[in-house]
Amino acid sequence: MGARHEVLISLDGVRDKNLMQLKKLNTALFPVRYNDKYYADALASGEFTKLAYYSDICVGSIACRLEKKEGGICVYIMTLGVLAPYRGLGIGTKLLNHVLDLCSKQKIVEVYLHVQTNNEDAINFYKKFGFEITDTIQNYYMNITPPDCYVLTKIISQPQTRK
Amino acid sequence: MKGLTLNCMDRKAEAYELVRRGLKNDLKSHVCWHVYGLLYRSDREYREAIKCYRNALRIDADNIEILRDLSLLQAQMRDLTGFVETRQKLLTLKPNHRMNWIGFAVAHHLNSSGSKAIEILEAYEGTLEDDYPPDNERCEHGEMLLYKISLLEECGFLERALEELHKKESKIVDKLALKEQEVSLLVKLGCLGEGEKIFRALLSMNPDNYKYYEGLQKCLGLYSEHGLYSADDIDKLDAFYKSLRQQYTWSSAVKRIPLDFLEGENFREAADNYIRPLLIKGVPSLFSDLCPLYDHPGKADILEKLILELEHSIRKTGTYPGRSEKEPPSTLMWILFLLAQHYDRRGQFDVALNKIDEAIDHTPTVIDLYSVKGRILKHAGDLVAAAALADEARSMDLADRFINSECVKRMLQADQVGLAEKTAVLFTKDGDQHNNLHDMQCMWYELASGESYYRQGDLGRALKNFLAIEKHYADMTEDQFDFHSYCLRKMTLRAYVEMLKFQDRLHSHKYFHKAAVGAIRCYMKLYDSPPKSMVEEDEEMAKLPPSLKKKMRQKQRKAEARAKKEAEEKNEESSAGNVSKFGKRQHVKPVDLDPNGEKLLQVEDPLLEATKYLKLLQNNSSDFLETHLLSFEVNMRRQKILLAFQAVKQLLRLDADNPDTHRCLIRFFHKVDNMSAPVTDAEKLIWRVLEAERPDLSQLHGKSLIEANNCFLEKHKDSLMHRAAAAEMLFVLDPQKKAEAIKLIEDSTNSVMQANGALGAVKEWKLKDCISVHKFLGAVLVDPGAASRWKTRCAEYFPFSTYFEGIRSSAFSKSAEDKILNTRQNGDLNNHHEATQRGDSYSVNGKLEAFNNLTI
Chain A
1 MGARHEVLIS LDGVRDKNLM QLKKLNTALF PVRYNDKYYA DALASGEFTK LAYYSDICVG
61 SIACRLEKKE GGICVYIMTL GVLAPYRGLG IGTKLLNHVL DLCSKQKIVE VYLHVQTNNE
121 DAINFYKKFG FEITDTIQNY YMNITPPDCY VLTKIISQPQ TRK
Chain B
1 MKGLTLNCMD RKAEAYELVR RGLKNDLKSH VCWHVYGLLY RSDREYREAI KCYRNALRID
61 ADNIEILRDL SLLQAQMRDL TGFVETRQKL LTLKPNHRMN WIGFAVAHHL NSSGSKAIEI
121 LEAYEGTLED DYPPDNERCE HGEMLLYKIS LLEECGFLER ALEELHKKES KIVDKLALKE
181 QEVSLLVKLG CLGEGEKIFR ALLSMNPDNY KYYEGLQKCL GLYSEHGLYS ADDIDKLDAF
241 YKSLRQQYTW SSAVKRIPLD FLEGENFREA ADNYIRPLLI KGVPSLFSDL CPLYDHPGKA
301 DILEKLILEL EHSIRKTGTY PGRSEKEPPS TLMWILFLLA QHYDRRGQFD VALNKIDEAI
361 DHTPTVIDLY SVKGRILKHA GDLVAAAALA DEARSMDLAD RFINSECVKR MLQADQVGLA
421 EKTAVLFTKD GDQHNNLHDM QCMWYELASG ESYYRQGDLG RALKNFLAIE KHYADMTEDQ
481 FDFHSYCLRK MTLRAYVEML KFQDRLHSHK YFHKAAVGAI RCYMKLYDSP PKSMVEEDEE
541 MAKLPPSLKK KMRQKQRKAE ARAKKEAEEK NEESSAGNVS KFGKRQHVKP VDLDPNGEKL
601 LQVEDPLLEA TKYLKLLQNN SSDFLETHLL SFEVNMRRQK ILLAFQAVKQ LLRLDADNPD
661 THRCLIRFFH KVDNMSAPVT DAEKLIWRVL EAERPDLSQL HGKSLIEANN CFLEKHKDSL
721 MHRAAAAEML FVLDPQKKAE AIKLIEDSTN SVMQANGALG AVKEWKLKDC ISVHKFLGAV
781 LVDPGAASRW KTRCAEYFPF STYFEGIRSS AFSKSAEDKI LNTRQNGDLN NHHEATQRGD
841 SYSVNGKLEA FNNLTI
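Residue numbers (UniProt numbering), protein chains in the order written: chain A, 1 to 163; chain B, 1 to 856.
Some hints could be false.
Part of the chain B face toward chain A, derived, beta carbon under 8 angstroms [to be verified]:
#1 G282
#2 P329
#3 T363
#4 S395
#5 M396
#6 A399
Restricting the straight-line Cα-Cα distance to at most 25 angstroms, the calculated cross-link-like pairs of lysine-lysine (DSS-like) are [claimed, not checked]:
#7 B:K766 to B:K510
#8 A:K23 to B:K422
#9 B:K775 to B:K737
#10 B:K255 to B:K197
#11 A:K94 to B:K281
#12 B:K326 to B:K305
#13 B:K218 to B:K197
#14 B:K737 to B:K671
#15 A:K17 to B:K429
#16 B:K116 to B:K501
#17 B:K766 to B:K717
#18 B:K326 to A:K94
#19 B:K422 to A:K17
#20 A:K94 to A:K154
#21 B:K197 to B:K171
#22 A:K17 to B:K409
#23 B:K717 to B:K703
#24 B:K791 to B:K737
A few chain A positions that, by computed beta-carbon distances, are all more than 12 angstroms from chain B [what the hints assert, rightly or not]:
#25 S10
#26 L11
#27 A44
#28 G46
#29 E47
#30 E70
#31 G72
#32 C74
#33 S104
#34 K105
#35 K107
#36 Q138
#37 S157
FYI, nobody ran anything at the bench for these hints, they're computed from the structure. Given the structure is predicted, the values throughout are model-derived calculations rather than measurements. From the three backbone atoms N, C-alpha and C, an ideal C-beta is built for every residue, glycine too.
All chains, please: the whole structure from these sequences, using the hints.
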């Protein structure tokens with residue numbers, strides 16, 4: 001009964017008042033406990049770190065860190081994840097697009113992140129947005145196999161057309 | 001004059017001095033009496049103030065000021081005849097002042113002579129010109145007209161009221177109130193057809209107002225007080241609501257009301273249509289909305305089947321049964337949420353916990369899930385875990401005051417008072433933390449806090465909280481003073497009269513009732529086990545060697561001086577700051593000299609204090625069993641036999657089969673039988689009254705007390721609480737029969753409730769009842785063996801209860817918990833725990849994961 005609703009996906013910033021939501025997400029999504037520096041960096045990155053809401057339920061997040069490099073600022077994506085039942089609905093895309101838009105507006109030179117070598121799905125996902133594998137690091141991870149990871153980078157040239 | 005100004009500057013004693021001197025000099029000066037009255041009024045001594053004003057009037061009988069002030073006081077003290085007199089005088093003195101006419105009319109209304117009030121209002125209207133009112137007074141005039149019409153309705157002159165209404169329609173500004181008034185008159189007069197038209201018009205303005213639906217049903221002859229309808233009526237109602245639904249598709253009331261009267265298959269269909277869209281949308285309050293339906297027989301089962309079907313279908317195919325489009329993933333979570341609350345309501349706590357844990361796994365970021373899990377654990381008896389969960393929910397949104405308050409409430413229920421205070425203080429204004437809650441009249445906090453202290457045995461602090469609540473109600477009564485003049489001026493007469501009626505029954509409010517009950521219990525405990533008195537403390541002090549004594553006294557003095565100094569400093573700061581900010585002095589807050597309530601404990605006659613509250617309770621909440629139970633207890637202790645008997649009679653009138661009633665009855669007559677023969681005249685009188693009343697009590701008719709007890713037991717063999725009451729009385733009547741009494745209790749069987757056949761059966765015994773039986777076994781019968789046997793037995797029935805230390809509760813030892821498979825049941829806040837558990841089964845899956853910065 002009733003027409004099919006258009007479900008709203010919205011983004012909201014992370015503040016100290018709702019930091020616990022980010023912690024809950026990380027606990028559910030990743031097998032690792034992040035330390036306080038991670039959360040401090042996330043809070044400090046301002047508009048780059050966002051929580052994604054599907055029909056007013058917090059289901060995903062992207063957490064970034066701003067780093068200084070010669071030539072300007074670059075963005076390092078610390079985590080990006082969506083709760084299992086809500087994948088495939090375009091939420092991850094929205095989160096990543098948000099960061100990429102911000103980068104093109106704020107003269108960020110590059111965006112990079114680490115992906116475990118066997119995570120095919122993640123690698124394909126980022127390739128769709130124009131990321132490329134620029135490096136491989138052996139034994140990056142301690143407790144999981146394979147312990148190696150790729151570094152995926154995207155150079156932002158101003159102005160950038162959105163994908 | 002000097003006295004008045006001094007009064008405003010807080011130098012009250014001097015002020016009084018001066019005024020009295022003035023009076024001594026000239027006893028005939030009405031100004032002095034007036035000022036004296038004003039002083040008393042500012043001190044809230046209203047009776048004294050009235051006396052002073054009357055004296056002033058004797059000297060100068062036509063002084064308008066004095067008359068006006070006197071009328072306000074009389075309204076406040078409800079001296080209604082005096083009020084009418086004063087108002088009449090005011091009117092005769094100044095008939096061109098509109099307020100005097102209105103005031104006179106209101107006075108008559110309050111004095112229950114409504115017809116006179118109407119006459120006065122008509123006379124007043126006669127003095128007005130035709131083009132009245134001018135534009136800026138239209139609202140007020142309209143209000144007065146509506147007031148007059150409602151007066152006519154109250155006095156029963158319905159036809160006249162309707163006439164008035166139609167005549168003056170153009171002058172009344174509040175059109176909605178006009179319509180509502182009209183329709184209520186029409187219904188009372190029986191003109192149902194016209195009433196129906198107006199109700200439909202009202203519905204088009206607001207299709208979610210339940211009162212309009214009720215009224216419309218009444219007009220169509222399809223209304224029943226208790227919701228009981230014949231099959232015919234149900235069909236008609238169904239058709240009626242379906243037609244309304246076509247008209248108002250967006251209204252939720254039109255979909256919810258049919259659920260109340262539909263039955264069987266129709267109910268199932270309607271419920272299905274109602275629930276589905278709300279589950280998609282994700283309405284957390286859906287269960288509270290459906291909750292009243294659980295009291296209707298059979299509907300709970302239908303709902304259960306329905307929701308389980310939905311769940312099953314979504315799990316399998318991701319769609320609702322009978323539809324092909326996929327539902328959003330959140331729907332499953334909301335269904336699990338609803339199911340958990342459903343099972344909680346039906347008492348199947350382990351199933352409920354399973355469901356809610358599933359929901360939390362599905363989407364751990366939804367705060368409502370944690371709140372509901374806490375509530376389930378609270379119902380199951382594990383208050384500590386419930387408080388921990390409430391705290392977890394709170395941490396997920398630190399800016400939400402509601403969750404903070406809920407967390408505070410749970411902590412107080414778990415007796416974690418210090419923690420609760422710290423949490424509550426997060427949302428109060430800086431600088432004045434604890435008092436802020438008191439100033440805001442935050443009564444739920446004071447109630448919960450008082451009850452927690454009472455449970456822990458700290459009677460001083462508990463009393464402090466309960467008495468604070470009583471003070472709030474006294475403040476509310478005071479606050480109405482300003483409205484007497486204000487409402488007459490602004491003509492908001494209907495609201496004013498309603499407010500006065502509300503103030504008259506102010507003390508019947510739920511919070512006051514609870515606070516009074518708590519205070520009376522504290523006083524009774526004080527009476528039963530008096531605290532160490534000051535005398536004893538001094539004796540103990542005397543035993544110490546003199547050097548220690550000196551040190552202790554010095555310490556005490558220093559502490560007092562420090563406290564005083566701090567308070568003074570604070571006052572200076574705040575007043576200095578305030579003077580600079582506002583240019584005038586703020587009211588200085590009195591220092592709380594007794595933060596632990598110790599002075600309250602030293603009260604001379606606790607039962608006398610208790611009686612004060614008891615009287616208020618009896619006047620205002622006389623339909624509650626609890627009121628009379630307490631009255632019985634207090635009066636037995638005070639040896640007031642007839643008052644206790646009165647209490648027993650009231651109990652019998654309210655609920656003769658209640659186990660508590662039975663207890664009081666038997667105890668009373670047991671005591672009376674054991675009293676010595678009457679000696680004084682008063683005692684003989686009491687005896688005679690009792691003798692006369694005794695045959696009227698059917699329970700005791702022609703039987704001895706022991707036989708009566710057995711009768712009661714036979715009648716209610718199956719109920720635990722009744723058996724417990726009978727056992728207690730057996731012990732009271734014959735202390736030798738302790739073993740028999742214990743046997744009675746232990747033989748009670750905990751049968752399965754008829755209700756449902758779904759997942760798991762539900763036993764009859766409630767946790768609360770089992771706890772009270774356990775306390776009884778331990779304290780009254782003093783049999784630790786029986787008490788521990790009972791405890792182990794109940795621990796099986798209530799595995800979550802911390803009181804019985806059931807295996808699933810948080811009171812159970814840590815090592816045992818680890819052995820249990822599902823450790824998440826105990827509300828442990830250990831995120832690592834969950835993470836490592838998950839880490840084992842966690843494989844690199846899903847499309848959108850990036851493992852970054854893994855810490856070691």
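Violated hints, by number in ascending order, as checked against the structure: Checked against the structure, no hint fails, so every one of them is satisfied.
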